[in-house]
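Protein chains in written order, with the numbering used here: chain A, 59 to 359; chain B, 59 to 359; chain C, 3 to 266; chain D, 3 to 266.
A portion of the hints provided could be inaccurate.
[Unchecked claim] Away from chain C, derived, C-beta distances all over 12 Å, residues of chain D:
#	residue
1	Pro10
2	Ala11
3	Asp16
4	Val19
5	Pro24
6	Thr59
7	Asp71
8	Glu95
9	Arg108
10	Asp117
11	Ala166
12	Asp175
13	Pro203
14	Ala209
15	Leu262
16	Thr263
[Claimed, not checked] DSSO-like cross-link-like pairs, simulated, lysine-lysine; straight-line CA separation at most 30 Å:
#	chain 1	residue 1	chain 2	residue 2
17	D	Lys245	C	Lys57
18	B	Lys214	B	Lys203
19	A	Lys348	A	Lys148
20	C	Lys57	B	Lys335
21	D	Lys99	C	Lys99
22	C	Lys119	C	Lys57
23	D	Lys212	D	Lys242
24	A	Lys134	C	Lys204
25	C	Lys140	A	Lys134
26	D	Lys204	A	Lys348
27	A	Lys214	A	Lys291
28	B	Lys335	D	Lys212
29	D	Lys57	D	Lys119
30	A	Lys203	B	Lys291
31	A	Lys335	C	Lys99
32	D	Lys245	B	Lys134
33	C	Lys204	A	Lys142
34	C	Lys204	C	Lys242
35	A	Lys291	B	Lys335
36	A	Lys142	A	Lys214
37	C	Lys57	D	Lys99
38	A	Lys134	C	Lys57
39	A	Lys214	A	Lys335
40	C	Lys140	C	Lys57
These aren't lab readings, by the way, just hints derived from the structure by calculation.
Glycine included, each C-beta is placed from N, C-alpha and C at the ideal position.
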Amino acid sequence: MARLSVNIGSLQLKNPVMTASGTFGYGPEFADFMDLSTLGGIIVKGTTLHAREGNDYPRMAETPSGMLNAVGLQNKGVNYFAEKIYPGIKDCGTEVIVNVSGATVSDYVGVAERLLDLDRIHAIEVNISCPNVKQGGMAFGTTAKGAASVTAALRKAWDRTLIVKLSPNVTDITEIARAVEDEGADSVSLINTLMGMAVDVEHRRPCLSTVTGGLSGPAVRPVAVRMVWQVAKAVKIPVIGLGGITCGRDALEFLMAGATAVEVGTANFLDPAVSAKIVDEINDYCSRNKIADIREIIGII
Amino acid sequence: MARLSVNIGSLQLKNPVMTASGTFGYGPEFADFMDLSTLGGIIVKGTTLHAREGNDYPRMAETPSGMLNAVGLQNKGVNYFAEKIYPGIKDCGTEVIVNVSGATVSDYVGVAERLLDLDRIHAIEVNISCPNVKQGGMAFGTTAKGAASVTAALRKAWDRTLIVKLSPNVTDITEIARAVEDEGADSVSLINTLMGMAVDVEHRRPCLSTVTGGLSGPAVRPVAVRMVWQVAKAVKIPVIGLGGITCGRDALEFLMAGATAVEVGTANFLDPAVSAKIVDEINDYCSRNKIADIREIIGII
Amino acid sequence: MKNNSSNPAKVVCDMTVEANTPLGQLYGLLALRADGPLPAISAGQFAQVRIDRSKTTFLRRPISICTADAASGRIELLVRRAGAGTDALLACEPGEKVNLMLPLGRGFSRPAKRDAKALLIGGGVGVAPMLALGLELKAEGYAPEFLLGARTAADLLLLDRFEAIGPVHLTTDDGSAGTRGVVTAHARLQRPVDNIYCCGPKPMMVAVAKAASRIGASCEVSLENMMACGVGACLCCVEKTTKGNVCVCTEGPVFNINQLTWQD
Amino acid sequence: MKNNSSNPAKVVCDMTVEANTPLGQLYGLLALRADGPLPAISAGQFAQVRIDRSKTTFLRRPISICTADAASGRIELLVRRAGAGTDALLACEPGEKVNLMLPLGRGFSRPAKRDAKALLIGGGVGVAPMLALGLELKAEGYAPEFLLGARTAADLLLLDRFEAIGPVHLTTDDGSAGTRGVVTAHARLQRPVDNIYCCGPKPMMVAVAKAASRIGASCEVSLENMMACGVGACLCCVEKTTKGNVCVCTEGPVFNINQLTWQD
């Protein structure tokens with residue numbers, strides 16, 4: 059049994075496997091299928107200051123080895139989370155990390171301030187890369203200046219672990235990563251979805267109500283691994299890798315490319331127990347290869 | 059039988075289906091499997107001023123619904139093409155378009171000037187987006203300034219149809235497209251490959267000798283369709299769409315998103331006759347939907 | 003936060019194909035058996051089926067459960083060829099394993115009155131949950147009637163099974179069986195009905211909902227929005243309701259028409 | 003620019019699985035039949051096989067042709083389980099269709115002298131093209147000998163077929179059959195050899211190439227570089243040669259060791 063625990067800032071994970079925001083609900087949705095406490099962490103769905111209805115249906119399209127989504131941050135707001143959801147998951151046996159979204163810097167700060175009331179929330183993941191909202195979202199994530207402004211404000215408001223989730227829809231993601239590192243982020247997670255589009259040729263219209271949406275799934279994994287490798291070489295803070303991870307082998311690609319931890323996303327839709335299996339498969343790989351501590355292979359490439 | 063012919067600048071194509079550079083050799087490689095004259099055009103492999111050996115093996119890795127390549131513009135140079143290859147393909151019954159690459163602006167111009175000697179070459183596609191060469195290549199394609207400089211120089215040197223192939227590895231591809239349009243390009247083709255990476259976790263090393271490479275195949279299609287849709291709305295010149303086209307339906311996605319023509323790439327490796335089948339499938343769609351002229355549905359979205 | 007109850011409400015498991023019976027060109031009936039008992043399944047719930055044989059099918063396919071015997075771990079799925087995924091599913095051979103998540107979603111409610119006149123309306127492959135519901139209602143002492151519609155006689159599926167449960171009224175677009183026309187034009191809707199349960203193409207369900215409001219019958223419909231996860235995590239299958247956007251996979255697939263905004 | 007000859011050099015076609023014979027846990031022999039005659043096929047050429055059954059296999063798989071009867075449209079492929087693609091191929095059932103591009107690449111040359119001592123060296127699944135070559139050489143009046151190596155006796159494949167052609171020398175890493183050790187340590191290499199033909203794992207081929215140079219035998223090896231297109235279009239499968247990077251799929255897969263740069 060290898061040592062799998064890793065640290066992200068002051069956040070300690072029992073293993074490097076977390077579930078990605080928007081793909082695992084709040085956790086209980088999957089409790090019938092697996093033991094949530096086997097995970098390194100659960101990143102709950104994007105939470106905003108006020109409730110959001112999200113975009114119109116259709117919000118999803120299947121693509122080769124992937125899918126497009128345009129949910130648009132549907133959620134009931136941070137107060138609902140704090141009062142109605144947090145009490146039911148705070149004792150689930152793993153770290154619960156909240157994905158924070160907003161249209162303005164003060165929105166982000168407002169969510170973080172409310173989350174300070176919740177002792178068991180040791181970290182937030184800041185979504186500056188949502189391609190499916192008109193205001194904010196990706197707008198902050200595609201320029202170093204925008205990313206820095208959100209990070210700086212949250213760094214003042216949030217003294218626990220601050221993770222910033224980066225957009226892959228940029229020319230040089232290392233520039234954005236360095237900007238958020240300079241403003242005091244404890245970690246960056248990448249990649250959010252690639253902006254994509256699909257057409258229903260029989261009806262001659264876009265498949266999504268929003269025309270474009272976010273591409274996720276194994277299709278994007280090579281882009282994600284490349285960006286993680288680039289960013290891990292460009293910053294000193296730990297990098298969290300995600301994008302198309304479906305098995306232990308996929309997770310190890312990210313770890314070897316420089317990720318300290320990973321997030322499992324779309325694969326949760328294909329196999330609701332996959333995240334727990336990935337922890338086991340990483341363990342098996344370590345035993346098979348005489349690896350005593352997962353950190354031996356992090357960033358080996 | 060619908061009217062399928064389209065124009066790209068002064069270039070007339072009998073139908074909108076071409077084969078993408080680097081995926082169809084010079085044409086004869088596929089003549090045993092299909093009738094080359096059924097195509098709208100053949101874009102031959104990247105040609106440089108002098109011969110290039112390309113990158114070391116391994117140059118390829120299979121990925122979910124796609125592949126990474128890092129060929130690095132291996133070719134015997136423009137003189138070899140003009141003397142040894144052109145005579146054998148100039149009468150193949152379809153347009154032969156040369157993909158032009160270089161490390162410096164003068165390299166590009168040198169190739170174009172040599173191609174002026176070849177009457178049957180009515181168009182060139184300028185590759186400012188190759189992710190697999192150290193100098194030049196993508197460097198020109200990721201900034202409006204770089205793209206404009208290559209385009210301006212070639213516009214002076216080349217009076218026939220000038221197509222500029224754009225890189226998807228940018229924050230705003232419409233900015234690059236407008237820059238090359240302003241410098242007189244007759245058309246833009248997109249997308250070139252997405253920069254990606256894969257790891258051989260058993261051997262703990264990158265799958266490619268160059269670490270990173272270009273991702274192509276159905277996996278990238280949603281990104282390509284999105285960018286074609288964005289660019290078609292941003293420029294007046296015709297857009298040529300490519301990225302993961304495997305069948306008539308896929309090609310129609312691009313046409314409806316605004317592409318005047320398409321290029322079939324990686325799919326040629328899966329079915330050597332696929333490009334000819336795509337022409338038939340587009341015809342079938344038109345008959346089924348009472349479309350007399352393909353231009354009725356170009357950019358319908 | 004393991005669900006410690008020895009029988010969770012939902013499971014993901016490999017099931018063995020016991021039979022795969024073609025029903026004409028377009029449909030097939032898949033009989034599946036789990037290694038052990040399944041959780042309680044109620045009419046209107048669905049399964050998320052993994053399609054291993056199709057290269058181009060990435061997501062699971064939600065398929066309404068047609069009949070279920072949870073104790074013996076058996077279910078039947080009525081499948082309509084709608085693309086590569088369903089084609090691959092209908093190509094499965096007896097003995098082959100298929101991976102399913104089930105049971106998912108909320109099923110149909112029960113009539114308020116024991117002697118209620120319950121009319122189960124199914125269109126095309128939408129008859130699947132109506133068979134499950136008919137069997138349950140009859141077992142519980144209700145007297146369900148069926149109104150089944152299809153394009154042609156060939157598209158009227160499993161008729162013998164329905165006739166074994168209760169009166170069956172038929173309509174076809176071409177008149178090749180039953181009354182020619184749509185279900186809402188059928189005479190049965192002129193006679194009293196207390197509860198309508200409906201599953202079929204959306205235009206048909208919208209028409210049935212209108213008819214139900216007109217005649218003052220309670221009406222539940224089963225929606226088929228595109229889904230990814232099937233458990234309320236991805237928020238892709240939402241339907242606009244009086245409570246805003248809700249997940250069809252967890253709040254539905256069955257909705258009372260009063261919850262929906264089809265009128266607007 | 004249609005290839006107008008009624009029989010093109012290469013074709014892409016569906017072939018029917020006539021038999022799929024497991025050879026131990028790791029290997030299988032696939033017998034395939036085309037609807038009509040196939041183009042001329044020579045030993046060392048390969049086929050690009052499309053894998054329809056595997057979700058995760060995107061590209062075709064290049065597989066050396068083990069035996070061929072072009073006139074009757076029959077070929078045999080010796081397949082080693084190396085991943086999801088080959089697993090799916092070995093799961094094919096008789097009657098199933100498999101799509102292939104063939105024949106691809108250049109095969110083995112012939113000994114200069116009619117009475118040449120030709121030694122065909124195969125390792126593991128690399129014995130496949132050696133069977134094809136042995137059959138051709140014998141039919142042409144040569145007297146081929148075989149030197150086959152494998153991990154264990156269980157990995158020595160199709161021995162009876164080889165013994166029907168000529169003398170067979172064996173080595174295994176564990177000594178469970180023939181001489182214990184690698185092929186290059188076998189006594190047969192101490193005796194005169196004019197032409198060596200070899201296919202197997204790269205380290206083995208490199209060792210054989212060295213031995214060939216030492217004893218002054220002409221030597222051809224068959225390379226297995228990863229490929230995408232198989233027809234010289236993608237330039238992915240290149241091998242560094244005395245003429246620079248060349249495509250293994252068109253210039254090879256068979257190379258004379260003088261063309262290679264293994265010495266450097």
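These are the hints, each one checked on the structure:
no.	hint	result
1	Pro10	28 Å, holds
2	Ala11	29 Å, holds
3	Asp16	16 Å, holds
4	Val19	15 Å, holds
5	Pro24	18 Å, holds
6	Thr59	8 Å, violated
7	Asp71	31 Å, holds
8	Glu95	9 Å, violated
9	Arg108	31 Å, holds
10	Asp117	52 Å, holds
11	Ala166	37 Å, holds
12	Asp175	36 Å, holds
13	Pro203	30 Å, holds
14	Ala209	40 Å, holds
15	Leu262	37 Å, holds
16	Thr263	38 Å, holds
17	D/Lys245 x C/Lys57	40 Å, violated
18	B/Lys214 x B/Lys203	17 Å, holds
19	A/Lys348 x A/Lys148	35 Å, violated
20	C/Lys57 x B/Lys335	20 Å, holds
21	D/Lys99 x C/Lys99	22 Å, holds
22	C/Lys119 x C/Lys57	47 Å, violated
23	D/Lys212 x D/Lys242	17 Å, holds
24	A/Lys134 x C/Lys204	29 Å, holds
25	C/Lys140 x A/Lys134	41 Å, violated
26	D/Lys204 x A/Lys348	27 Å, holds
27	A/Lys214 x A/Lys291	27 Å, holds
28	B/Lys335 x D/Lys212	48 Å, violated
29	D/Lys57 x D/Lys119	47 Å, violated
30	A/Lys203 x B/Lys291	27 Å, holds
31	A/Lys335 x C/Lys99	20 Å, holds
32	D/Lys245 x B/Lys134	12 Å, holds
33	C/Lys204 x A/Lys142	34 Å, violated
34	C/Lys204 x C/Lys242	14 Å, holds
35	A/Lys291 x B/Lys335	45 Å, violated
36	A/Lys142 x A/Lys214	27 Å, holds
37	C/Lys57 x D/Lys99	16 Å, holds
38	A/Lys134 x C/Lys57	38 Å, violated
39	A/Lys214 x A/Lys335	38 Å, violated
40	C/Lys140 x C/Lys57	42 Å, violated
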